[in-house]
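There are 2 protein chains.
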Amino acid sequence: MAKDKKMVESITSMEEDFAQWYTDVVRKAELCDYASVKGCMVIKPAGYALWENIQKELDRRFKETGVENVYMPLFIPESLLEKEKDHVEGFAPEVAWVTHGGLEPLAERLCVRPTSETLFCDFYSKDVQSHRDLPKLYNQWCSVVRWEKTTRPFLRSREFLWQEGHTAHATAEEAQERTIMMLNVYADFCEEFLAIPVIKGQKTEKEKFAGAEATYTIESLMHDGKALQSGTSHNFGDGFAKAFGIQYTARDNTLQYVHQTSWGMTTRMIGAIIMVHGDDSGLVLPPLVAPTQVMVVPIRQDAEGVLDQAVELMNTLKAAGIRAKIDDTDKSPGWKFAEQEMRGIPIRVEIGPKDLEAGQCVLVRRDTREKQTVTFTELADTCGALLTTIQKDMYDRARKHRDEHIWDARDYAEFCDIADNKPGFIRAMWCGEEACENKIKEETTVTSRCMPFEQERLSETCVCCGKPAKKLVYWGKAY
Amino acid sequence: MAKDKKMVESITSMEEDFAQWYTDVVRKAELCDYASVKGCMVIKPAGYALWENIQKELDRRFKETGVENVYMPLFIPESLLEKEKDHVEGFAPEVAWVTHGGLEPLAERLCVRPTSETLFCDFYSKDVQSHRDLPKLYNQWCSVVRWEKTTRPFLRSREFLWQEGHTAHATAEEAQERTIMMLNVYADFCEEFLAIPVIKGQKTEKEKFAGAEATYTIESLMHDGKALQSGTSHNFGDGFAKAFGIQYTARDNTLQYVHQTSWGMTTRMIGAIIMVHGDDSGLVLPPLVAPTQVMVVPIRQDAEGVLDQAVELMNTLKAAGIRAKIDDTDKSPGWKFAEQEMRGIPIRVEIGPKDLEAGQCVLVRRDTREKQTVTFTELADTCGALLTTIQKDMYDRARKHRDEHIWDARDYAEFCDIADNKPGFIRAMWCGEEACENKIKEETTVTSRCMPFEQERLSETCVCCGKPAKKLVYWGKAY
Chain A
5 MAKDKKMVES ITSMEEDFAQ WYTDVVRKAE LCDYASVKGC MVIKPAGYAL WENIQKELDR
65 RFKETGVENV YMPLFIPESL LEKEKDHVEG FAPEVAWVTH GGLEPLAERL CVRPTSETLF
125 CDFYSKDVQS HRDLPKLYNQ WCSVVRWEKT TRPFLRSREF LWQEGHTAHA TAEEAQERTI
185 MMLNVYADFC EEFLAIPVIK GQKTEKEKFA GAEATYTIES LMHDGKALQS GTSHNFGDGF
245 AKAFGIQYTA RDNTLQYVHQ TSWGMTTRMI GAIIMVHGDD SGLVLPPLVA PTQVMVVPIR
305 QDAEGVLDQA VELMNTLKAA GIRAKIDDTD KSPGWKFAEQ EMRGIPIRVE IGPKDLEAGQ
365 CVLVRRDTRE KQTVTFTELA DTCGALLTTI QKDMYDRARK HRDEHIWDAR DYAEFCDIAD
425 NKPGFIRAMW CGEEACENKI KEETTVTSRC MPFEQERLSE TCVCCGKPAK KLVYWGKAY
Chain B
5 MAKDKKMVES ITSMEEDFAQ WYTDVVRKAE LCDYASVKGC MVIKPAGYAL WENIQKELDR
65 RFKETGVENV YMPLFIPESL LEKEKDHVEG FAPEVAWVTH GGLEPLAERL CVRPTSETLF
125 CDFYSKDVQS HRDLPKLYNQ WCSVVRWEKT TRPFLRSREF LWQEGHTAHA TAEEAQERTI
185 MMLNVYADFC EEFLAIPVIK GQKTEKEKFA GAEATYTIES LMHDGKALQS GTSHNFGDGF
245 AKAFGIQYTA RDNTLQYVHQ TSWGMTTRMI GAIIMVHGDD SGLVLPPLVA PTQVMVVPIR
305 QDAEGVLDQA VELMNTLKAA GIRAKIDDTD KSPGWKFAEQ EMRGIPIRVE IGPKDLEAGQ
365 CVLVRRDTRE KQTVTFTELA DTCGALLTTI QKDMYDRARK HRDEHIWDAR DYAEFCDIAD
425 NKPGFIRAMW CGEEACENKI KEETTVTSRC MPFEQERLSE TCVCCGKPAK KLVYWGKAY
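Heads up: the sequence lines are chains A and B, in that order. Mind the numbering: the first sequence is residues 5 to 483 in the numbering used here, read in order. Mind the numbering: the second sequence is residues 5 to 483 in the numbering used here, read in order.
If you're looking for bench data, these hints aren't it; they were derived computationally from the structure. Mixed in with the good hints, there may be bad ones.
Which copy? The list can't say, so a pair holds if one copy fits it or any two copies do.
In silico DSS-like pairs for lysine-lysine, Cα to Cα no more than 25 Å straight-line [said to hold, decoys possible]:
# : residue 1 : residue 2
1 : K475      : K212
2 : K322      : K60
3 : K329      : K60
4 : K130      : K42
5 : K130      : K32
The whole structure should be built from the sequences, with the hints applied where relevant.
Shown next, in the form of structure tokens:
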């Protein structure tokens, strides 16, 4: 049974080598595989099912705010990409270029979309005429391509899946309101659905999106103390509108430029789930996003009645709206347990001949490994409640871990010491100059993650240069 | 109100110019728009909502048969595309080539996937080892690119959205069973969900997919009498498995090649919905696929109580699981009716001051324009039943139209006469030689659509050459 063997060979421990542990989990939980094109992924059923659940929930939350889905082309003509100066400077070095269609060379090169601001702007410039056409609240689910040099599954790949929202508004206020609204949708989604606590804030000038007036971000902390940018929301002001000529006739009959936003979340959130919740036995999935929530494992399934009862338990769970499966393969219970753990399925139900006699089964939590015995009639209710508990406990645990890995630095020596010795976020004051960000990055590999919405004054001077401090910043080593 | 004006200007009538009518409906029902890249589409909210409903229903039907979703890369290295000889010959002339990544030329050209057989085969060659790994029942939802010379919205575009299923099986029998199973899923989906009757059959050698042993198709008939290939399912035998070395260890420990299938359905089905059901007032949507099923239109909404009651009616409908909306804009009732008709919303509910007094409202069917008056308390039940009736009636009407446009030809003169004068399918016997298909195509622009599963013998000789007939074939002019 070559396949079982692969599964149960122990994976590298997190403490020993976090990067290798991550790769092992990605591979052994069968989330994705490398493709024949360098830096591209094959997302396998277990990984894609996570993405489907993320999509479904995010899409529902978007639509509740009035967003509609559309689809823009995969290709951007070079001349269109070049219309907004900052934007093209940011993206041109990392796009893939199509030069031939069929057997003919193209008159103009097309880039494979790295993001679709230019396409939406081109469309809005024709589609928006009157204030009655506003706001436009469009989103698309698609793949994008960025020719990255170093890649890692889910975290950084040359092609990835995402959603990109692009809105156009009559006023600057409305655009700003939408920018923050969508950041909040992301934050709530991460905390409530993925059980990942986040810090909300604004990116510095240096770290903001190419072409944006302001970029807002949610930042989460992985188990190894590194930060992951988990969702961004940009306010473009009227910069793109001016570059693309997107104007509308206002109520007072004057011609005005629209104000725009964009916001995106990607398949890298699968990486976040792995790195926030996983352990040395593999993946640990928050119940809400788990494609399978309960795995029923018959013990001695050849014994009379065991398999039938196991199937009945699964059906009872399904009838209660729980995503349950049964592992009735001919593998040993030990293999089945290891597989269920590797795949991060939140609850395992064990049922053997003795349990059958007693009218009960054993529940095992994936996150804590706690066991409890319940009667068949209690099973569905207990599982339902337990899934809610697990979801909450996983958030609390991740939150505790995150909070225990936030360090305050009041001077540069302290900053460097933390950067060297204490994984996590560093909170420190900053003067607002890019020079300090550059110096810090060069000397410590730490970057500014965000200026949090909840500002405090830890000290009066910049942690780097000693000049008067303007902002509290979260710093961190990032994926 | 420039926007209203656009909507209500009459569209070209179907009888006058069907192609122009189609383009008018696509544009005025706001389904899609042209993009800055020639031959590519912007799918607008009304069009994309149709695709979302198609996706949801098809995906549910796929999963019921055990299919799992995955995601393969967008790019195919040239050497990979070339592995299966017939396949590359079929597709190489119409693919888009990426030659540069970032600022560097690539060592090997990458084509943008026109279809993903080669990627799935490359993956299976590594992932399949034992009979325990089979069957693989994978599907993906994505966009594909084919560099077509002439394009039409939804029907033929350089980029389109689709799903492509790719399965691998231990035996030839299993592969054949899956090929037909998925064709039946497509046929049932079209008939039950889109209210489009189809003819199931096998493609001739000339018309089959590049690299397939056999291609099966469902063919539907548009209102103008032209055929539309609406879904195909291919049996590859072990041809790709041999080209890519996809082998598994069987139970008896011998090394065997897998047998494969693929099957796809695309956004062209939106075109089919338009051309099967539409009329001179615009789109007519089958209730099951309609994003909005009932539009409530208040008449004199400024009159006391009207708007409140209209909102309440909408809420009652929603509570009953019906997708209802209200048009409470300041447009005139006439504009609102025209818009609802253009967009093909199955039922309109009209409510004015007099209705309010009488405790009733007026239902208008989009398909037949029949009106009926119902009390507020009857509304939800009546609408629910009416949606079911409309769905059935639309299928029956499309079926009747299709059946009235099937003509039997027993000799070549009759065949040519029908081709010239009677739009629709032509049923005629065929000797099995490609030469006859070529001659017919050249002389009449008619192509073989399929050899239907339900075979009959209309005559003993080929309609073209007079040699002994082998198969009954459906012929037609096709999109």
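Tested hints:
no.: 1; hint: K475 <-> K212; in the structure: within (16 Å within a copy, 66 Å between copies)
no.: 2; hint: K322 <-> K60; in the structure: both (20 Å within a copy, 20 Å between copies)
no.: 3; hint: K329 <-> K60; in the structure: both (21 Å within a copy, 22 Å between copies)
no.: 4; hint: K130 <-> K42; in the structure: between (38 Å within a copy, 16 Å between copies)
no.: 5; hint: K130 <-> K32; in the structure: between (49 Å within a copy, 15 Å between copies)
The structure is consistent with each of the numbered hints, conforming to all of them.
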